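Using our numbering, the letters of the sequence shown map in sequence onto residues 1 to 261.
Hints listed in this document are in silico derivations from the structure and should not be mistaken for laboratory results. Note that the structure is a prediction, hence the values are computed from the model and not measured. Incorrect hints may have been included.
Quick list of simulated restraints, FRET-style, between CB atoms [claimed, not checked]:
no.	residue 1	residue 2	range
1	Pro241	Ala6	29 to 37 Å
2	Ala86	Asp8	46 to 54 Å
3	Gln201	Ile5	45 to 53 Å
4	Ala6	Ala58	30 to 38 Å
5	Gly231	Ala48	40 to 48 Å
From the three backbone atoms N, C-alpha and C, an ideal C-beta is built for every residue, glycine too.
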Amino acid sequence: MEQTIAFDFSSPDFEELRQANEARAAFARFLAGLYLYELTEPQIEALAAIECAGDGSAIDEGLAAMKEYLRHRHGGTRQELAVDYARVFLGAGNYDRITAPPYESVFTSEERILMQDARDGALCYYRRAGLDLPADNTTPEDHLGFELQFAAALCDRAKEAIAAGDGRALQEAVALGYSFFAFHQRNWLPQLCDAVDEWAQTDFYRQLAAVTRGYVDAEAAYFEAAASLLGLDEEPCEVRPAWASEEEPSAVSDPVEGVRQ
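Based on the sequences and whatever the hints tell you, model everything.
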């Protein structure tokens with residue numbers, strides 16, 4: 001990242017950036033919940049009443065299609081969605097083929113198994129930001145839900161830095177978010193979405209894949225614009241664990257030890 005510069009935080013550009021990070025944080029947490037958990041009846045009712053932006057984006061069209069699916073909900077809809085969630089993301093009923101488990105390691109390792117380099121890499125980013133999962137967590141840290149929650153936390157930091165007029169903190173939050181997106185989201189989410197399309201039997205989860213593709217495109221556009229505004233390097237550097245091969249230099253060799261926020 002380049003040396004911090006003085007920003008004119010009174011500029012409309014920075015108010016737009018603040019609003020963008022507020023919206024990105026909310027959407028990332030919304031998306032995280034859909035991947036982490038089966039839907040409850042109250043959530044189904046809330047999603048059925050969601051307001052779509054009507055802006056023609058991939059995200060908006062996908063949300064509108066999810067809402068349309070729920071418009072036809074009935075007494076068995078929650079069970080229908082729970083079964084599809086288990087089939088797609090938990091592999092229920094499939095013993096000889098991998099479905100669409102939402103773990104980065106499964107889509108980036110040769111063995112297509114959990115707890116590989118991607119998990120260690122994601123954890124390195126969390127700790128670099130001074131964050132960690134609870135000590136009693138038993139779910140691998142490269143679950144998409146956790147990755148989205150981490151992205152949301154960095155959005156919060158960027159928003160807070162703008163409010164405080166802290167240019168260095170803003171650059172650091174956006175630069176770390178850009179790097180995490182490049183090396184831990186954009187690199188595997190398209191493949192996950194393809195797998196969801198293959199295995200989902202409800203239009204709701206097929207449209208979740210469409211929304212996720214829209215998320216990737218929107219994040220790429222955001223970071224390109226934010227990097228230009230903040231004077232950041234066009235290509236982000238990867239944060240790597242301290243044990244990474246010397247032949248592949250680490251952008252950060254001394255990640256912060258886990259500190260719960």
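Right, here's what the structure says about each hint:
1. Separation of Pro241 from Ala6 is about 34 Å and conforms to the stated range, judged on CB atoms against 29 to 37 Å.
2. Ala86 and Asp8 have their C-beta atoms about 51 Å apart, which keeps the hinted 46 to 54 Å range intact.
3. Under the hint 45 to 53 Å, the C-beta atoms of Gln201 and Ile5, about 52 Å apart, fit the expected range.
4. Checking the proposed 30 to 38 Å range against Ala6 and Ala58 shows it holds: the Cβ atoms sit about 37 Å from each other.
5. A beta carbon spacing of about 44 Å between Gly231 and Ala48 agrees with the range 40 to 48 Å that was offered as a hint.
In summary, the structure agrees with every hint in the numbered list given earlier.
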